[in-house]
Amino acid sequence: MTRFLAHRLLQALVVMLLVCLITFVLLQLLPGGEARAALGSRASPAQIRQFDRANGLDRPIYVQFGVWLSHLLHGNLGYSYHLNQSVASLIAEKLPKTLVLNALALFFSVLVAIPIGITQAVRRNSMFDYTATFIGFVFYSTPVFFLSLMLVLWFSLDLHWFPAQAPQGTTVKGILSDPSGLVLPVLSLVLLQVALFTRYMRSAVMDNIVQDYVRTAFAKGAGSTRVLYLHILRNSLIPMVTLLGFALPAILAGSLVTEQVFNYPGMGLLFYQEAQASDYPTLLGIVLISGIAIVVGNLLADIAYALLDPRVRYS
Amino acid sequence: MTIGRPLPDKDPGEEPRDVVAGASSTGPAGGEVYGARRSALRRGLAVFAENRLALIGLAILLFFLGFCFLGPHLHPTDQVDSNLVDSNLRPGNGHVLGTDSNGYDELGRLMYGGQASLMVGIAAAVLATVVGTLYGAVSGYVGGGVDVVMMRIVDGVLAIPTLFLLLVLSSIYTPGPVAMVLLIASFSWLGAGRLIRGESLSLRVREYVQAVRAMGGGNGRAIVRHIAPNAIGTVVVFATFTVADSILALAFLGYLGLGLQPPKTDWGAMLSTATNYVNSGYWWLLYPPGLCIILVCVAFNFLGDALRDAFEVRLQSR
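Sequences listed follow chains W and P, in order. When we follow the working numbering, the leftmost residue of the first sequence carries the number 1, and every step to the right adds one. When we follow the working numbering, the leftmost residue of the second sequence carries the number 1001, and every step to the right adds one.
Bear in mind the hints are in silico, worked out from the structure with no lab data behind them. Treat the hints loosely; a few may be bogus.
Partial pick of chain P residues on the chain W-facing surface, computed with a CB cut under 7 Å [to be verified]:
id, residue
1, M1151
2, G1156
3, I1160
4, R1194
5, G1198
6, Y1208
7, V1212
8, P1229
9, I1232
10, Y1287
11, L1291
Covered stretches of chain W (in silico footprint by chain P; criterion: 3 or more residues with CB under 8 Å from a CB of chain P, positions within the stretch not fixed) [said to hold, decoys possible]:
id, stretch
12, 125-135
13, 154-168
14, 181-191
15, 252-258
Every beta carbon over 10 Å from chain P, so not counted as near; a handful from chain W, in silico [claimed, not checked]:
id, residue
16, L18
17, T23
18, L26
19, P45
20, A46
21, V112
22, Y140
23, V227
24, V295
Keep in mind the model is a prediction, meaning the values are calculated, not measured. All C-beta atoms in this analysis are idealised placements derived from N, C-alpha and C, irrespective of residue type, glycine included.
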């Protein structure tokens, strides 16, 4: 187990380093480099040279990478010249709100997806299974922004049930104090995620239903409810943990669109707005943080999987 | 590409398919091998045809191919010169679906935009699948340190949300259709790489691959002639799903205004224009492109799902 953990941790560190490297390369790809991004397109060559010298950008590229990396380790993610604020403080301000939105959505999607997935697996190829598969694929194939727009159009503009705009509080508490504004953003995320998680759950249950331990449980006289919810459900949830880890990038990306449509003041909206303003330090800071969050998420999912399932071989 | 891919009923990497492998083990005689292979194909087709969702998907797809590529000949419209006098007309009066803000006929625009969406989607998926398959096959077959390095690279790029990267990259460059294909493919090949690597890991230890090597066949031959064809099921399924994902990615870029620039357009870009008129009630601009995207993606997803079943030997009744 210790060897497995050490190995997995090392792997995650390597991947994280790669994420940093990719971000650094993107920084170098910027038209005109970092100086243009900071000083704007009308900066003179002399100004750019001066900026480069002042920020050590005239040094060899591997030295720059080392310096940049050591800044990262000290929590310095760069400076947004557009918003006149450090990227780290910007993210610290927005990230909790994004987390709240996604945690809510994730909670409800899993809550809905588990019973649907189980029922589909138990009644495989029934009318229910086909209908759920069909609806799932339709939601899966719907662009997030179109779904969000439809929700606004129907439930806000036509029916006036919920506001079209997400709560605009500056703190997490402020946002949570206006639950009706959260309904549509959360719903748009839930509809997409349910389609995904139901499919996962269905295949996990189907894998388990044919296992020997299920036959044993039935042979011992356990009722089908007991077998389903005590034996099969518990074992089916194990792969879901890893799948949650894998779904993280998708969830973050979905959140980007939803936040933009509903004007939810999280990291996704920040990313969208700064993309319009070509504020590259902020953009790359967010890319980096998301990348690292995803690596850590996958690592945690792997460890949880190993802890939950004793059959996993540590090699 | 908006959200992770629904999982197959069973991870295809775990158990390799036996369609061709089983056939070649039935007998060395050429004719017999051919016969067995054809019946495997026929069994696969039977599973595919039994799946009603697959037939629906196929029908939708054929309809849209006809609509987008033959449609403009039956319903010729001017999609280059804007005509502001006739902008935002309601459906009727010679414009079945009305006109958009530039005065383009909306029905004709759907056909024209659909060509771009379909072509970019399919091209990106094919490119991603070819690159990813070769990468994964090499990684899994060679194994060892090479495999570790190649897979960590995939992990690293996969860890960054694709949409974020697309957004950054397309705000740096203004892409045309070809650049769009490259951009979308440059991220979607990763999944194929990982999938095929698992497949080739389990295929390379099989008897027939070892037999090839024992007979003096090189690595290249083993990969190209034996491993790749046996992984073909996984490859085809991946490609089908990836078309849907690529169309969604293109739509997303179009929505953000970073897609194809006018007078060129795609369904995503059309939706993007329509969002400006949500409050004006111009429904004919909003629903048609949205429905087109959903229908085509659903069709590709149905097809992919059915193909997966068709290639899954265990589901075939012998």
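Structure-based check of all given hints:
For M1151 of chain P, the interface hint is violated, the least distance from its beta-carbon to any beta-carbon of chain W being 10 Å, above 7 Å. Because the closest C-beta pair between G1156 of chain P and chain W is about 3 Å apart, less than 7 Å, the hint holds. Checking I1160 of chain P against chain W: minimum C-beta separation of about 4 Å stays under 7 Å; hint holds. Hint on R1194 of chain P is violated. Least Cβ distance to chain W is approximately 11 Å, over the 7 Å limit.
The beta carbon of G1198 of chain P is not positioned within 7 Å of any beta carbon in chain W (closest approach about 14 Å), and the interface hint is therefore violated. This hint is violated: Y1208 of chain P has a C-beta 27 Å from the nearest C-beta of chain W, more than the 7 Å allowed. Look at V1212 of chain P: its Cβ only gets to about 28 Å from chain W, farther than 7 Å, so that hint breaks. Against a cut-off of 7 Å between C-beta atoms, the interface hint on P1229 of chain P is violated, since the closest Cβ of chain W lies about 27 Å away.
Restraint check, I1232 of chain P versus chain W: the minimum CB separation of about 22 Å is more than 7 Å; hint violated. Hint status for Y1287 of chain P relative to chain W: violated, with the closest Cβ pair at about 9 Å, above 7 Å. The beta carbon of L1291 of chain P is not positioned within 7 Å of any beta carbon in chain W (closest approach about 9 Å), and the interface hint is therefore violated. With a cut-off of 8 Å between beta carbons, the stretch 125-135 of chain W has 3 residues touching chain P; three or more are needed, and the interface restraint holds.
For the stretch 154-168 of chain W, the assignment as covered by chain P is violated, since 1 residues bring a beta-carbon within under 8 Å of that chain's beta-carbons and 3 are needed. Only residues whose C-beta sits within less than 8 Å of a C-beta in chain P count toward coverage, and the stretch 181-191 of chain W has 0 of them, not enough to reach three; the restraint is violated. Given as covered by chain P, the stretch 252-258 of chain W passes the check, having 5 residues with a CB less than 8 Å from a CB of that chain where 3 are the minimum. Consistency note on L18 of chain W: stated as away from chain P, yet its beta-carbon is not over 10 Å from all of that chain's, at 3 Å minimum.
With 10 Å as the threshold on Cβ separation, the claim that T23 of chain W sits away from chain P is violated: the shortest Cβ distance comes to roughly 8 Å. Distance to chain P contradicts L26 of chain W as a non-interface residue, since its nearest Cβ pair spans about 6 Å, not more than 10 Å. At the 10 Å boundary, the C-beta of P45 of chain W stays outside the reach of chain P, the nearest C-beta of that chain being 21 Å off. No beta-carbon of chain P is positioned within 10 Å of the beta-carbon of A46 of chain W; the least distance is around 25 Å.
The beta carbon of V112 of chain W sits about 16 Å from the closest Cβ of chain P, which is more than 10 Å, so the claim that it is off the interface holds. Look at Y140 of chain W: its CB is around 6 Å from the nearest CB on chain P, not clear of 10 Å, so calling it non-interface is violated. In this structure V227 of chain W is separated from chain P by more than 10 Å, as the shortest Cβ-Cβ distance comes to about 21 Å. Annotated as non-interface, V295 of chain W brings its C-beta within 10 Å of a C-beta of chain P; the closest such distance is 5 Å.
The structure is inconsistent with the numbered hints 1, 4, 5, 6, 7, 8, 9, 10, 11, 13, 14, 16, 17, 18, 22 and 24, although it conforms to all the rest.
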